[in-house]
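Asker: So the chains spell out like this:
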Amino acid sequence: MTRHRGRGIASVNYPIGMNLGGDPSQALVHSNPSGKFTVALSSIDLGQGMKSVTRQICAETLGVPVEDVYVDTADSDTGPHCMGSFASRGTHRVGNAVMAAAREARGVMMEAAAEELEVNAADLETDGRGNIHVKGAPHRSISTKDVAIAAQFKQGKTISGRGIFLVPLSDVDPETGEMSPATCYAHACLVAEVEVDDETGEVDMVRMDSAYELGRALNPRLVEQQLVGGAWMGVSHALYETPEPYYPEPVHGPRDFVEYLMPGPGDICPHDIAVLERPAPDGPFGAKGPGEMCANPVLPAVANAIFNAVGVRIDDLPITPEKVLRAIKAQGGARPQPRR
Amino acid sequence: MPVTVKTFTSTHDAAAALSSDRSARYLGGGTLVMRALNEGDISISTVVRASDHAMTRIDATGSRITLGAGVTFARILVERDLAFLHAPARSIGGPAVRNMGTVGGNLFAPVPYGDFTVAMLALDATVSVQGGLGGREIALDEFLQSRDRQTGVLVLAISFAKPGSAEAFRYRKIARIKPKGGAVITLAAHLPVNGSRIVGARVALGSMAPTPIRARAAERALEGRSLDASTISAAAAAAVEGTSPGDNALASAWYRREIVGVHLKRLLSGQE
Amino acid sequence: MAKTPLQFRHNGRDVAIFVDGGTNLLVALRELIGDMTPKFGCGQGGCGTCSVLIDGELHLSCLTLAETVAGRSVETLDGLKEGPNLHPLQRAFADNFAAQCGYCTPGMLMAAKALLDRNPQPSRAEVVEAISGNICRCTGYEPIINAVLAAASGGRARA
Ligand SMILES: Cc1cc2nc3c(=O)[nH]c(=O)nc-3n(C[C@H](O)[C@H](O)[C@H](O)COP(=O)(O)OP(=O)(O)OC[C@H]3O[C@@H](n4cnc5c(N)ncnc54)[C@H](O)[C@@H]3O)c2cc1C
Ligand code: FES
Ligand code: FES
Numbered sequence: 203m204t205r206h207r208g209r210g211i212a213s214v215n216y217p218i219g220m221n222l223g224g225d226p227s228q229a230l231v232h233s234n235p236s237g238k239f240t241v242a243l244s245s246i247d248l249g250q251g252m253k254s255v256t257r258q259i260c261a262e263t264l265g266v267p268v269e270d271v272y273v274d275t276a277d278s279d280t281g282p283h284c285m286g287s288f289a290s291r292g293t294h295r296v297g298n299a300v301m302a303a304a305r306e307a308r309g310v311m312m313e314a315a316a317e318e319l320e321v322n323a324a325d326l327e328t329d330g331r332g333n334i335h336v337k338g339a340p341h342r343s344i345s346t347k348d349v350a351i352a353a354q355f356k357q358g359k360t361i362s363g364r365g366i367f368l369v370p371l372s373d374v375d376p377e378t379g380e381m382s383p384a385t386c387y388a389h390a391c392l393v394a395e396v397e398v399d400d401e402t403g404e405v406d407m408v409r410m411d412s413a414y415e416l417g418r419a420l421n422p423r424l425v426e427q428q429l430v431g432g433a434w435m436g437v438s439h440a441l442y443e444t445p446e447p448y449y450p451e452p453v454h455g456p457r458d459f460v461e462y463l464m465p466g467p468g469d470i471c472p473h474d475i476a477v478l479e480r481p482a483p484d485g486p487f488g489a490k491g492p493g494e495m496c497a498n499p500v501l502p503a504v505a506n507a508i509f510n511a512v513g514v515r516i517d518d519l520p521i522t523p524e525k526v527l528r529a530i531k532a533q534g535g536a537r538p539q540p541r542r
Numbered sequence: 021m022p023v024t025v026k027t028f029t030s031t032h033d034a035a036a037a038l039s040s041d042r043s044a045r046y047l048g049g050g051t052l053v054m055r056a057l058n059e060g061d062i063s064i065s066t067v068v069r070a071s072d073h074a075m076t077r078i079d080a081t082g083s084r085i086t087l088g089a090g091v092t093f094a095r096i097l098v099e100r101d102l103a104f105l106h107a108p109a110r111s112i113g114g115p116a117v118r119n120m121g122t123v124g125g126n127l128f129a130p131v132p133y134g135d136f137t138v139a140m141l142a143l144d145a146t147v148s149v150q151g152g153l154g155g156r157e158i159a160l161d162e163f164l165q166s167r168d169r170q171t172g173v174l175v176l177a178i179s180f181a182k183p184g185s186a187e188a189f190r191y192r193k194i195a196r197i198k199p200k201g202g203a204v205i206t207l208a209a210h211l212p213v214n215g216s217r218i219v220g221a222r223v224a225l226g227s228m229a230p231t232p233i234r235a236r237a238a239e240r241a242l243e244g245r246s247l248d249a250s251t252i253s254a255a256a257a258a259a260v261e262g263t264s265p266g267d268n269a270l271a272s273a274w275y276r277r278e279i280v281g282v283h284l285k286r287l288l289s290g291q292e
Numbered sequence: 009m010a011k012t013p014l015q016f017r018h019n020g021r022d023v024a025i026f027v028d029g030g031t032n033l034l035v036a037l038r039e040l041i042g043d044m045t046p047k048f049g050c051g052q053g054g055c056g057t058c059s060v061l062i063d064g065e066l067h068l069s070c071l072t073l074a075e076t077v078a079g080r081s082v083e084t085l086d087g088l089k090e091g092p093n094l095h096p097l098q099r100a101f102a103d104n105f106a107a108q109c110g111y112c113t114p115g116m117l118m119a120a121k122a123l124l125d126r127n128p129q130p131s132r133a134e135v136v137e138a139i140s141g142n143i144c145r146c147t148g149y150e151p152i153i154n155a156v157l158a159a160a161s162g163g164r165a166r167a
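Protein chains in written order, with the numbering used here: chain A, 203 to 542; chain B, 21 to 292; chain C, 9 to 167.
Calculated from the structure, these hints are not laboratory results.
Just so it is clear, the structure is predicted and the values come from calculations on it, not from any experiment.
A virtual CB, placed ideally from N, CA and C, is assigned to each residue, including glycine.
Don't take each hint at face value.
Below, simulated DSBU-like cross-link-like pairs (lysine-lysine); rule was C-alpha separation at most 30 Å, straight line [said to hold, decoys possible]:
hint, chain 1, residue 1, chain 2, residue 2
1, B, K285, A, K531
2, B, K198, A, K531
3, B, K285, A, K525
4, A, K347, A, K359
5, B, K182, A, K525
6, C, K89, A, K238
7, B, K26, C, K11
8, A, K359, A, K238
9, A, K253, C, K89
10, A, K337, A, K359
Distance ranges between label pairs, derived from CB positions [unchecked claim]:
hint, chain 1, residue 1, chain 2, residue 2, range
11, C, G91, B, P130, 41 to 49 Å
12, B, S40, A, A532, 56 to 64 Å
13, A, P370, B, E292, 38 to 46 Å
Model the full assembly from the supplied sequences, consistent with the hints where possible.
Answerer: Right, dumping it as structure tokens:
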């Protein structure tokens with residue numbers, strides 16, 4: 203028996219969102235009489251952190267504590283329109299819409315505060331702790347709560363804002379067909395190291411090292427969480443999961459989670475991640491988004507690592523032990539490639 | 021659809037209830053029966069249980085070991101006298117499945133399951149069953165060959181001689197998912213040694229046929245020999261003989277045939 | 009068909025319900041008792057999100073015939089918190105970002121509790137084994153393993 207180590211690399215250049223119909227998302231922000239703010243979205247949080255990051259964006263833009271913002275993504279019937287949670291677009295598209303809405307709401311809030319403090323709104327600033335005061339004179343201050351109460355019960359104003367993000371349509375050059383399908387791109391590079399058993403075709407993940415350039419990481423822990431979990435899913439797609447194990451024959455499909463293969467907690471390997479922040483000019487506070495890109499580079503990197511280990515090139519997913527073993531037998535044995 | 025649940029204190033009455041009703045199913049740990057009920061299996065209209073303590077007894081003190089059919093894998097794992105069975109017991113399910121699933125239910129578990137039964141088969145176990153008419157002892161090998169026709173019987177216990185030494189019994193389950201996963205194949209070997217020669221070699225395989233089977237050609241290659249490299253190669257080469265694996269979501273029949281000898285070689289030579 | 013009366017302890021409180029023959033414990037907990045913390049993921053035993061403790065042992069409630077818990081003690085995630093305070097495992101899951109969509113979390117927490125109740129200082133391999141019957145689609149398991157290890161060492165990071 204021989205186990206062969208191999209290393210493979212893959213890089214991706216990943217568009218954020220898409221261009222169909224301008225890929226719009228909308229957000230509405232309003233204050234409640236308590237001085238807390240609600241962000242209404244119909245962009246669904248599936249666990250990727252949409253609520254957390256839009257809450258941060260809204261609080262930062264309004265200049266209020268993050269605790270004072272509540273994000274409601276409850277209902278796509280009643281919420282403002284969103285294209286959806288896909289294409290790595292959440293932070294960028296929805297974040298931009300929230301930022302626009304929060305900016306408008308902030309304008310109203312500052313006008314209302316100015317009326318209460320009897321100053322010019324342009325002379326006011328927020329302290330990020332729930333107060334608005336005159337620049338250079340922190341004692342001439344009013345809480346956002348009191349502003350909200352005054353707007354509601356005295357001034358008859360709604361502190362609210364609307365926001366939409368729409369990608370400018372990119373015309374197609376009739377001569378060359380050239381167009382710009384996206385406005386910003388994230389990037390990643392991942393090195394996978396595997397061990398291949400040349401008698402059974404089994405592939406074990408040994409380690410992964412990656413670098414992700416995703417604009418500004420608005421919430422570094424959420425970004426890390428995405429990258430760790432997404433890489434696991436990348437490994438799953440590379441080596442394990444399929445609803446049709448005998449594709450194109452639709453037979454012996456998995457009937458349960460024992461048969462639908464996904465790496466278990468004993469199959470995971472160390473993964474060292476470097477996050478590179480190059481703020482995007484059109485991103486909310488410079489953010490692009492990790493999104494789908496966190497899974498994608500794993501697949502080609504693993505395929506390349508297997509080639510490096512035993513010299514077989516499998517381009518059909520998932521790369522099962524059977525496919526590896528058949529290929530090794532077809533070429534008359536493992537042919538380890540120069541170690542990289 | 022609701023079913024009738026009947027619980028009996030005597031195994032005799034439980035056996036009678038099972039044998040008299042084709043749509044009655046015995047509930048061991050329930051890991052397979054409850055799934056069938058959840059999925060609306062209409063072939064089951066009665067669920068039979070037996071609360072007799074004999075069903076959950078472990079007798080591991082002497083040279084012959086008896087496990088009640090209702091013994092769970094978790095119980096085996098805390099039994100020091102059964103250390104040689106910890107590897108097969110630990111290879112099953114996750115912790116919850118091991119707390120629930122029983123030795124008796126495992127005898128009926130279809131591919132990709134039945135890992136513990138593979139170990140039992142290599143130990144030449146005997147199954148005690150209670151039918152409508154009375155009890156009897158039946159060799160596990162024979163029991164498995166007629167498993168489809170065993171539906172109306174109650175398994176009371178399974179017994180086997182304790183291996184003479186810890187090294188005499190070996191077990192290996194090949195799964196795609198770690199640490200828990202359905203078997204690609206399962207192997208167990210019992211190689212009692214007299215002097216330096218193997219006497220009474222048993223090799224059992226799981227997922228290489230519709231039920232666990234003995235690899236008789238491999239057993240013949242081992243019998244009367246010492247466990248050296250050439251014996252191991254001969255046994256490995258013979259491992260696939262007489263098997264009839266199928267395709268499933270975990271692996272194809274082709275793959276199973278290709279690797280069964282490889283893994284038997286590793287099992288016999290003590291390679292990881 | 010007549011229903012069967014069933015009594016057991018649910019998170020330390022006696023409960024009495026009537027169940028149809030063949031009802032599983034998950035349905036009994038969610039639909040008859042109103043404890044929605046154990047989740048339905050598959051009803052086949054494969055995902056683990058319905059995990060509960062029965063007399064302190066980890067069981068899959070979807071594969072447990074409800075009647076078999078008569079007179080026994082059933083613990084669910086709902087009983088984990090201590091008054092208004094989160095259980096140390098819950099705290100550790102939050103601190104370690106061990107949940108994304110959260111669907112696996114109830115089962116993961118119960119599996120982790122079953123482990124720590126018996127083995128307060130587990131190794132990484134023991135944690136991996138303890139959660140091996142629970143599938144997580146989001147986290148890649150690493151944060152969950154780290155959370156359980158952190159809870160075991162009282163919140164101090166471990167090598
Ligand atoms: C997620 C998951 C993972 C699993 N992993 C594994 C695994 O790795 N390896 C493995 O081998 N199995 C596995 N299983 C299958 C199953 O849990 C085990 O095979 C277990 O041993 C079945 O026992 P049980 O008592 O739960 O069976 P039950 O569901 O109670 O019964 C199964 C069958 O056996 C019959 N039966 C049970 N006891 C008796 C008896 N005393 N007399 C007559 N008939 C009886 C029942 O009527 C039924 O037809 C897994 C199941 C699940 C859900
Ligand atoms: S719902 Fe019980 S294991 Fe999936
Ligand atoms: S957090 Fe989504 S399944 Fe585990």
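Asker: So, for every hint listed, does it hold in this structure?
Answerer: A quick look at each hint next to the structure:
With a C-alpha separation of about 19 Å, the suggested pairing of K285 of chain B with K531 of chain A holds against the 30 Å cut-off. Of the pairs offered as hints, the one joining K198 of chain B and K531 of chain A holds, with about 26 Å between alpha carbons and a cut-off of 30 Å not exceeded. A hinted pair counts as satisfied when its Cα atoms are at most 30 Å apart, and K285 of chain B with K525 of chain A qualifies at roughly 22 Å. For the hint linking K347 of chain A to K359 of chain A, the alpha-carbon distance of about 14 Å falls within 30 Å, and the restraint holds.
With a CA separation close to 41 Å, the supplied pair K182 of chain B and K525 of chain A exceeds the 30 Å bound. Distance hint between K89 of chain C and K238 of chain A is fulfilled; the C-alpha atoms sit about 28 Å from each other, no more than 30 Å. This hinted pair checks out: K26 of chain B and K11 of chain C have alpha carbons roughly 13 Å apart, not beyond 30 Å. Distance hint between K359 of chain A and K238 of chain A is fulfilled; the C-alpha atoms sit about 15 Å from each other, no more than 30 Å.
A threshold of 30 Å between alpha carbons decides the hint, and for K253 of chain A with K89 of chain C the separation of about 24 Å falls inside it, so the pair holds. Simply put, K337 of chain A and K359 of chain A have alpha-carbon atoms about 24 Å apart, close enough for the 30 Å limit, and the pair holds. Distance hint for G91 of chain C and P130 of chain B: a CB-CB separation of about 47 Å, consistent with the stated range 41 to 49 Å. A C-beta distance of roughly 57 Å is found between S40 of chain B and A532 of chain A, which places it inside the suggested range of 56 to 64 Å.
Distance hint check for P370 of chain A and E292 of chain B: the Cβ-Cβ separation is about 59 Å, which falls outside the suggested range of 38 to 46 Å.
Of the numbered hints listed earlier, those contradicted by the structure are 5, 13.
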